[in-house]
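Trainee: Residue numbers (the working numbering), protein chains in the order written: chain X, 8 to 270; chain D, 582 to 879.
In case anyone wonders, no lab produced these hints; they're calculated from the structure.
Take these hints with a grain of salt, some might be off.
One side of the interface only, derived from the structure: several residues of chain D facing chain X at Cβ under 10 Å [said to hold, decoys possible]: (1) Tyr597; (2) Leu632; (3) Glu661; (4) Thr676; (5) Ser685.
For glycine and all other residues, C-beta sits at the position ideal for the given N, C-alpha and C.
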Amino acid sequence: MSTVERGHLGRLERPALTGVLVREIVNFSSYWKASTFSSTVEPTIYLLAFGFGFGSLVSRAGGFPYVEFVGTGTVATAVLFSSAFPAMFGTFVKYKFQRTYDAILAAPVDTEELVTGEALWIAMRAGVYGCVPMIVAVFFGLDLSWGMLLVPLIGWLAGLGWACFGIMIAGYASSFENFNYVVSAVLTPLFLVAGTFFPLSTLPRWAQILGELNPLHQCVQLVRDAVFLNLSWVDLLRAGYLALFAIVLWRIAIHAMERKLID
Amino acid sequence: MTGELAIRLRGAVKRYGPITAVDGLDLDVPVGTCVGLLGPNGAGKSTTMRLLTAQAIADEGEIEVLGYRLPGDSKAARAECGVVPQLDNLDVTLTVEQNLLVFSHLYRVPRAERKEAIEGAVQMANLAARRHDKVDKLSGGMRRRLLIARALVHRPRLVLLDEPTVGLDPQVRQELWALIDALRVQGTTILMSTHYIEEAQRLADTVLIMSHGKGVAGGPPAELVFEHAGREALEVYGPPARLAEVQAEAAEAGLRTRRTGTSISILGVDANGHPFEGERRPANLEDVFVLLTGEEIE
Chain X
8 MSTVERGHLG RLERPALTGV LVREIVNFSS YWKASTFSST VEPTIYLLAF GFGFGSLVSR
68 AGGFPYVEFV GTGTVATAVL FSSAFPAMFG TFVKYKFQRT YDAILAAPVD TEELVTGEAL
128 WIAMRAGVYG CVPMIVAVFF GLDLSWGMLL VPLIGWLAGL GWACFGIMIA GYASSFENFN
188 YVVSAVLTPL FLVAGTFFPL STLPRWAQIL GELNPLHQCV QLVRDAVFLN LSWVDLLRAG
248 YLALFAIVLW RIAIHAMERK LID
Chain D
582 MTGELAIRLR GAVKRYGPIT AVDGLDLDVP VGTCVGLLGP NGAGKSTTMR LLTAQAIADE
642 GEIEVLGYRL PGDSKAARAE CGVVPQLDNL DVTLTVEQNL LVFSHLYRVP RAERKEAIEG
702 AVQMANLAAR RHDKVDKLSG GMRRRLLIAR ALVHRPRLVL LDEPTVGLDP QVRQELWALI
762 DALRVQGTTI LMSTHYIEEA QRLADTVLIM SHGKGVAGGP PAELVFEHAG REALEVYGPP
822 ARLAEVQAEA AEAGLRTRRT GTSISILGVD ANGHPFEGER RPANLEDVFV LLTGEEIE
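Looking at chain X on its own, in the form it has when it is part of the complex (with noise of 0.2 Å):
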């Protein structure tokens, strides 16, 4: 049998991708009213909170009705808190307690392909929830536009990012304590100056810049952009930023979890 020369299969193969795609959907059917409830339910309240808190103290922001500027900005945060914290916590748990990679691993299916499928699947997911306070912020009065049928594309653009985030952590965490540090000192900060619920115009010149390079903010401006229809070439630069974003933190993560899966 030795002498036989026969194939070697190649990377990032569609039947193994979509093998790990399979499980994610079958999984998907036995906890999607949980996962519903949480992705829908976060967004809203913060949207109702500010919205209607803040908004009657602040009739407009950064040139909009307060409510609309919340619910496009809060588009951003639903696809964060159903992108990087599932990947954080859902990796962690599949590796770590479960230990499901170590089936998928042995069947011929790579590292690479399996980050690659969860980050898909999890995008997926997040650009499908992202709707979801815009669609809330519809009924509030926000008017519909064709630039909203870009709105779930751009989530999924983010998602992936974020995913690709998520898994890198959990990739490189020792311990679910490890997350702590990563919630607080990372996501918090950036979910909070993405220019969501308030315009980062108003922030001293240091921090504006710093929130240039914040993935959220680019999301956020990307969605307001488009719902607004005030799409121009910077929403291109916007866009080419989530996707340098993705693809970076895709390599990272796969290379993160590389070192966790294979001795």
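Given chain X, put chain D in place with the hints provided.
Mentor: The following block gives chain D in isolation, referenced to the frame of chain X:
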């Protein structure tokens, strides 16, 4: 087909920092046979299993699985292997059928054959009545059967079983042995690691005894027993002080002994002409195991 090897390891070495888990291991698994890797905990059995799926990458040596060289072509090898892990990693919130469906995709069973493959696995695991039950509702034995069936959904040519019955009741163990034996009869090649001697003796055509990451003896169980422990052993019972005396006397007479905890087994008492009295019994694989891997647990 004679001499064709499903698994071939030459001088495989795997180190984890200062620990050498697999230390120059040679292993042959001929096609169509069942080979048992027998050894105490920490002998390197599980690491060897991980090397075979490229979930651990060897530091030195050659590894071939089904003619594919590892780690480079491991994915192609894995497509034709079934792996039953030591620790249950089923998706517990999914049903029996859903677990099998997922793995029929991961193992690339063609769409037209999928339904049949899942049905075959359900039957093999004897879980037809529980097919729509979630895994967390199943007993330990059922979960193990499902874990094995999941590894067979794509009809692999080679099955790797890592401690398939560890921690299970004797009844459940027998059930699994029947299942593994059925596979063997069908001609599937099996590599099974175990530290249960009876399991190796019953199921394996040949056994490789591992200790400290090395293979210390290999061959069909009966030959190994004869070669290392002779035909018969004598069991001498008594208080600990008496046992120590017997052990010393046997050593003087040039006979090998091993402690069993409650008695001293004097090995190789095939010929008469020794002064000891005790219960005669056939030598067994456990005698060989203890002789070769040591009496002390580290």
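Trainee: Would the hint on Thr676 of chain D be counted as holding, given a Cβ-Cβ threshold of 10 Å to chain X?
Mentor: Given a least distance of 9 Å, the restraint on Thr676 of chain D holds.
Trainee: Given Glu661 of chain D as an interface hint, is the shortest Cβ-Cβ distance to chain X below 10 Å?
Mentor: Given a least distance of 9 Å, the restraint on Glu661 of chain D holds.
Trainee: Hey, does the Leu632 of chain D contact hint survive, CB to chain X under 10 Å?
Mentor: With a closest approach of 9 Å, the Leu632 of chain D hint holds.
Trainee: Minimum Cβ distance from Ser685 of chain D to chain X below 10 Å?
Mentor: OK, holds: Ser685 of chain D within 10 Å of chain X, min 9 Å.
Trainee: For the hint on Tyr597 of chain D, just tell me whether its beta-carbon gets within less than 10 Å of chain X.
Mentor: Nearest chain X Cβ about 7 Å off; hint holds.
No hint from the list above goes unmet by this structure.
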